[in-house]
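Asker: The primary structure of each chain is shown beneath.
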Amino acid sequence: MHRTLAMIEREMRRFRRSPMLIVMSMMMPIVQLVVLGYAFGGNVKHLKVAVVDQDHGVPAVRIRELAGAVASGNHTFDIVDYADPGEALTDLRNGVVNGVLTIPPDYSRRVIGRQEPKVALISDNTDSFVSATLSATMGQVIGSLHEPVKTSARTSAEPRLDVVEVYPYVPYIQYLLPGSITMSIFMMVMIGGGIIFIDDKARGLHEGYLVTPITKFELIAGFNISGTIKAVLAGVVVMVIGAMIAGVPDALDPIRILRGVLVVVCAAFALISLMFLLMVRVTDPLMPRAMFGLLNTVLYFPSGAVYPQQGFPGWMKAIAAVDPFTYSVHAFKSLLLKNTGFEAIAFDLGYLIVFSAVCMTAATLLFKRTL
Amino acid sequence: MLAIDVRNIVKKFGDFTAVKGISFEVGSGEIFGLLGPNGAGKSTLIRMLTTLLPPSGGTALINGFDVAKQADSVRRAIGVIPQAMTSDLELSVEENLLIFAKLYGVPRERRKRLIDELLEAVELTQWRDKQVRNLSGGMRRRVEIARGLVHEPKIFFLDEPTTGLDPVSRVHVWEMLQRIKSERDLTVLITTHYMDEADKLCDRIAIVDHGELMALDSPMKLKASVPGKNVLEASFSGIPGDWPEILRQLPEVEDVTGHDNVFRLATSNGPVTTMAMLQTAARLSVSVDSLAVQSTTLDDVFVHYTGRALRDALQAPAAQDNPFMIRRA
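Protein sequences appear in the order of chains A and B.
Mapping the first sequence onto numbering that gives the first Met the number 0, position 44 (from 1) lands on 43, and the numbers just tick up by one.
Mapping the second sequence onto numbering that gives the first Met the number 0, position 200 (from 1) lands on 199, and the numbers just tick up by one.
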């Protein structure tokens, strides 16, 4: 046991003298959280819509008034008037405008004659976010043309969906936070655990302690406990600072932080076990670096950290089902976004513990005490 | 009791046999040198003796313990300086020693005294709080030597401890080793590819090449075992066709080797042969362009037993080799 403690002491003393490592593994996830949170989280505004009115009748003017009201209201789009539909389309292709709303010459006549009046929205669908926003907003504008006629007569007859939101509005940056905490744990496991472990091997540093009377289990325990301590430090720091940056209500609630630390510990141990299993026979220092990039993608994105898992194809759902990130992210979401109790995260913790046990057993069997 | 008893030890890596059945014994208190070029199998041998690699065949007893079956007892009895620099750069000199004292289970009360003593012995007391990353290669080696002795081992293994060091640092390491050896009851096994190092330090030397033991004796006896007491190396111009034959018939000459215009003469009496050679050259109008007379060195021993010059064997040195080493084309 005292030899395990000596190994941990060695690792922690080295860690303390590597400020770059600490900054890298804690700052990168926070920077990512802030940048991604604001890059994806905001509503799209000030899209340019060309309006080509070829009708000029009263109903056409009504559409333009309504659209103008939306434009000056929530600023989703701004209106630019075009006389020539050809010119509007050219500008659409060249990216000068994001969409073209065309009111055809016979629009007023069809409205009055009730002959399926139509207006056309031509949108630049290379950007699906923009075109979806435009068609949704324009759909509302056109839909509201009928409203005064519909409402009074049919209220009681038609079923309506009332949406009740159980939690306060969750901005995207808060939605990303659980993934960022898990990412910080993972980065410390990879940089502070895997890369250092292999670099030591490549430089022959491991020969130094392999000739001492330390046993195989003392060695494995030393590596993994010190790796877990480093990863827990990174995870807890990012959890607390990240919650404050993302504006999680009551970010410093001690009970929740305590539950969060429990998740951080389990996630750190699961990831260090996975890393140790992957690295146990590796000697090439390029390997952990290459694996870092690959694992980063394969573990982070399927975990539901950035997009709901319900939208994934089957093979990706399969990865998500075994991915320890999934359970870590789920547990942090429960705690940070919903402020749930222990029962909501019990299954996640259970999975992470079982996952650690399986990986650690396999790694121990593969670990060689000799060169 | 023998400190080291190696019997017919073999190491195979797949089809390649790195160590081909080597046997030798090292007595308690001896400084024993393993001499050979890179790739000779020295490091593989030392790694088997220090329990880092399991032998493929044969046995080795270290302090009476079998390296394969009693690895833990072997590890407690030995101190090892591996070929690579293995001290932790981020730790201070003292911390490097402290962590290893803990790994060896040295009791707290002895730790401080031993560390103080060793730092004094390797002359690093004033650097004890400095991180190892700030030290020179030679100082770093001395940290490792102190670290290897922190649990007072009976047998000390050093794998090329001076490779990569400049000539001044090398001499410093030798002197330190000799002093430490004189102060405590220690058996030392050292590998090197520097002849002068082996000559100065070792009581006995084993010459290893291609995984085999080529010769084993004290440096003095090894030098006596090769023909000649002196070696004359000379280059000539304007030599007749039978010049090698003429050289061979000079007084006291035992052997002549050479190519082009450069010849090496092994002789039992350097001055006599030199005089005769110069007179013969003058008589036959052969001009002597260069001439060197020297005592037999371990270099000559090595050439004799391995059939090649050590510097030829060093033509493709490993990356960690001494950048100061001068290689001849």
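To be clear, the hints were calculated from the coordinates, so they are not data collected in a lab.
For every residue, glycine included, the Cβ atom is placed at its ideal position computed from N, Cα and C.
Just so you know, not all the hints are guaranteed correct.
To be verified - Simulated crosslink set (EDC-like; lysine to aspartate or glutamate; CA at most 20 Å straight-line): (1) B/K101 x A/E8; (2) B/K111 x A/E8; (3) A/K200 x A/D283.
Said to hold, decoys possible - Partner residues aside, some chain B positions facing chain A, computed with beta carbon under 7 Å: (4) A76; (5) E89; (6) I98; (7) K101; (8) R109; (9) K111; (10) L290.
What the hints assert, rightly or not - Derived DEER-like restraints, expressed as beta-carbon distance ranges: (11) B/E174 x A/T296: 51 to 61 Å; (12) A/V305 x B/D128: 41 to 51 Å; (13) B/R107 x A/Y166: 49 to 59 Å; (14) B/A67 x A/M11: 31 to 41 Å; (15) B/R178 x A/L370: 44 to 54 Å; (16) A/G203 x B/E174: 21 to 31 Å; (17) B/S289 x A/R15: 55 to 65 Å; (18) B/Q177 x A/G203: 20 to 30 Å; (19) A/M0 x B/R109: 18 to 28 Å; (20) B/Q177 x A/M0: 36 to 46 Å; (21) B/R107 x A/A317: 31 to 41 Å.
Asker: In ascending order, which of the hints set out earlier in this document are inconsistent with the structure?
Answerer: As far as the earlier hints go, 4, 8, 9, 10, 15 and 21 are violated by this structure, in ascending order.
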